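Peer 1: As a plain string of letters, each chain reads:
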Amino acid sequence: NAGVTQTPKFRILKIGQSMTLQCTQDMNHNYMYWYRQDPGMGLKLIYYSVGAGITDKGEVPNGYNVSRSTTEDFPLRLELAAPSQTSVYFCASSYSADTQYFGPGTRLTVL
Amino acid sequence: AQTVTQSQPEMSVQEAETVTLSCTYDTSESDYYLFWYKQPPSRQMILVIRQEAYKQQNATENRFSVNFQKAAKSFSLKISDSQLGDAAMYFCARGGAGSYQLTFGKGTKLSVIP
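Just so you know, the sequences run in chain order A and B. Taking my numbering, the leading residue of the first sequence gets 1312, the next gets one more, and so forth. Taking my numbering, the leading residue of the second sequence gets 123, the next gets one more, and so forth.
Simulated from the structure, these hints should not be mistaken for laboratory data. Since the model is a prediction, treat every value here as computed from it, not as a measurement.
25 Å max Cα-Cα, derived SDA-like pairs, lysine to any residue:
#  : chain 1 : residue 1 : chain 2 : residue 2
1  : A       : K1368     : A       : Y1342
2  : A       : K1320     : A       : L1391
3  : A       : K1355     : B       : K231
4  : B       : K200      : B       : K231
5  : B       : K200      : B       : F190
6  : A       : K1320     : B       : D208
7  : A       : K1355     : B       : E151
8  : B       : K192      : A       : D1409
9  : B       : K228      : A       : P1415
10 : A       : K1368     : B       : E151
11 : A       : K1368     : A       : M1330
12 : A       : K1320     : B       : L169
13 : A       : K1355     : B       : T149
14 : A       : K1320     : B       : P162
15 : B       : K228      : B       : D208
16 : B       : K177      : A       : D1409
17 : B       : K177      : A       : S1407
Chain B regions said to be covered by chain A (calculated; three or more residues, Cβ under 8 Å):
#  : stretch
18 : 157-165
19 : 207-217
20 : 226-233
For each residue, glycine too, the CB sits at the ideal point set by N, CA and C.
Based on the provided sequences and hints, a complete structural model is requested.
Peer 2: See below:
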């Protein structure tokens, strides 16, 4: 049972490039989330999903897109990367609107 | 906006001693969850302890316990017999019973002195 896995661990992008952060969970959780963590701050919710085919915006969705075609996977797409998107990105999952379990994070730098 | 406040940016404790980290929160809900997460230098977010707001009994997990004061909207974490491995950032977070979003505080950096 690997829990929540994320790839890649690190990535450097140039301004205007696009990329997809991958997230997979093997706990059969219906709920999945994407957060970002800026230096010296707590995590902020970008998008979340309550099941396959259902997604909704969180607190800071601008510049991101998500999809949820399966229970296991919840990729986060960055279009036209900007320096303001330099951050650490965490994926999480939960059985209900309760305890969330986090992946190891992806450190993204946009130059 | 409903907020979570951790008023201690940094704390230190001697090994084997006890330390308490503070957290206050704002909510209009009667049913919600409170969490403490630990983030070591590896960046992994690790659940330390969880409290359901409708339960009056304070949660305990081995050396970790909380002091939950619902009326005061306070949720402090006590670490007993501190160990070197406890050194990390600690985040307090609030989740609603009907909300999917965790609201996090800015964190408290805990150092453990040998």
